[in-house]
Amino acid sequence: MHIDKDLVAASATPLVLALLVEGESYGYEILKQVRAVSGGEIEWTDGMLYPLLHRLRRLGYVTTEWRTPPEGRRRKYYAITDAGRDALAEQQRQWVTVTQALADVWRGFGGLMTAPGET
Amino acid sequence: MTPVESHIAQWRRFVGSAPAVNGHDLDELEGHLRDQIIELGEAGLSEDEAFLVAVKRMGDVDSLSREFAREHSNRLWKQLVLSSEEDRESTGREWLMPVGFAVAAAIVIQMALRMAGFPDEPSDWLARNLGSFVLPFLAGYFALRRELDLRQWLLTVAPFVLVGIVINLYPYTGGAATELLVAVHLPVALWFAVAYPYMGGTVRSHRRRMDFVRFTGEWFIYFVLIALGGGVLMGLTGLILDPIGSDMAERVIEWVLPSGAAGAVIVAAWLVESKQRVVENMAPVLTMIFTPLFALMLTVAAVTYAVSGVVGEFDRELLGIFDALMVVVLGLVLYSLSARDASQPVGWMDRIQLVAVSGALVLDVLVLAAMLARIGDLGFTPNRVAALGLNLILLLNLAWTAYLSSRSLRGQVSVSRLERWQTAYLPVFGLWAAAVVVVVPPMFAFS
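Protein chains in written order, with our numbering: chain A, 34 to 152; chain B, 6 to 452.
Each statement offered as a hint is correct.
On the chain A side, residues computed to face chain B include the following (Cβ under 8 Å):
id, residue
1, Y61
2, T78
3, D79
4, G80
5, M81
6, Y83
7, P84
8, H87
9, R88
10, R91
11, G93
12, R106
13, R108
14, K109
For the record, the hints were derived by calculation from the structure and aren't laboratory data. Owing to the predicted nature of the structure, the values given are computational and were not obtained by experimental measurement. Glycine included, every Cβ here is placed at the ideal spot set by N, Cα and C.
With these hints in hand, go ahead and build the complete structure from the sequences.
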C-alpha cells in the first residue's frame, strides 16, 4: 500500500514525538522505529527527518545533546520536553477526532463501503 | 582512505555546499549515512552498494537542502530574498532599479527643500513632512522587487497617503512642539509601513518579521557606513573649496547632503538585499561586543542610582534619554535574537543579556517612579506624553523579555518563545509612532 505523501508528512510530528516519549533517541534509530511500528508501510526519505527534528527543537518540543555512547559514534540525541508532551497530547486529540469522523462517515455509506476492520 | 570513505567525504562536501546546511547538520547526516551503510553491510551488501543505497535513501540533495532552508531560513534569509533564477541571470542590471529609486528620492527631497525656501527660512511643513519624502521610494522599491499584486500595492500606498493627508491638513501653529514630535515619529511610523512591502504582504509571519528586524539592523549598519564615507567626502570637499570662498563650500554641502542622505536610504536597503554576506557576520559580532559593555554600564548605573536615589533637579530631557537607552537595549536583544541559531543551547551570552535588560529595567523604574511623582506639578506636555508613552511600551516589552529570558535560562521555556514575543510586539511600536503622529497633536490643540 502506498501512503499519500501529505498524509505521511502530517503524521510525522506525532509519530516522532510519540516515539520519543519512550525515551531519548537519535535520527537513525527514530527512522528504524518508524519503519518497524508501521510494518514498513510508512516510508520516509531519510534526510527529511532532520529538518523535522530541528523544527521540533526550535518549537521547544525536544532538547538535543551531542553524546558519544560507550560503544559507537558521537550522535545527536533528542529527548522530549513537557511542551513536546503537551503538543503530542493535542495532536492525539486531533487525530482521534479525524479518524473517528472518517470512520463514522464511512459507516454511513452503508452498503457502499465498509469501515476498516468491519466486514 | 578507502573508496567508500572518499565517497562519503565527497557526498558531505556536496550536501555542505547548500547554504542552509551547517557543520553540525553535516555531522548528523553523515552519522546517519554511516549507520545505514553499516547496517546494509551487515545484511550482505558490499561497501559500494551499501553507500549507493544509503545515499539514495537519504533523498536527493536538492529537496533536502530546500527542506533545511525552510527550517533554517535565518541561515540564508538573503537567498530567500534573491532566490529566483532570473534574478541571478540579471545581476548585471540589478543595480539600475535601486539607483533609479535613489535618484528619484534625491530629486524629490531637493525639490521639497527648494519649495520650502531651504536653507534660509524653511517653511514649517518641511520638518514634519521630511519622513514622507524618502520612505515612499523605499516602499516602492520593495513593492516592485517583491512583485506585489494590485491589492498589495494599494495596501502599501495607503498608509503613506493617509499620513500625508493627516499631517498636512492638521492646522499647526508656527513652531509647535507637536510638530517636532511628528517630525521624529513620522519616519518611525513609515518605516513600519515599509515592512509591509518588504515582507511581500506576509506580515503575520513570525519569520518574516524577524527578517525585517534583521533587515533594519543591517540597513542601519550600511547607512552609518555610507554616512561616514559621505562625511569624509563632504569634509574634504569643504576644505578643497575653501580657498574659493567659504560660502561656496557651504552651498555645495547644503545641496549635496540632503540628496545624498535620501539616496543613501535606498542604496543601503539595496546593499542589504544583495550583499548581505559581507555584513552578515558583523552584526552578531557587534552585539557580542556591546552586550557585555552595556550590561556592565547598566549594572553600575543601576547600583549608583539605587544607592544615591534619584535626587536633584530633574532634567526635562531625562525621560527621553532613558527612552533612548531602552531602545538601544531592546535593539541588542532583538539583534542577538535575530542572529541566534535557535538550535543552540542557552549560554553565557543569554545570561549577560538578561543582566543588561534587568539593569535597564531597574534604572527605568527608578526614573519613572520619580517622574510620575512629579508629573502632577510639571503637568503634561506633548513631549512628556510621547516620552512617557514610549517609556511604558518599552518597559512592558523589556519586563516580559526579562521574565521569559530568565525562564528560558532555567530551561522552562525555549528561546523561541522570546523570539515570538518580540515579533508579536513589533506592531505596537509602529502603532505608537502612528498614534503620536495622528492623535497627540489634536490632544494639545496643535500647540
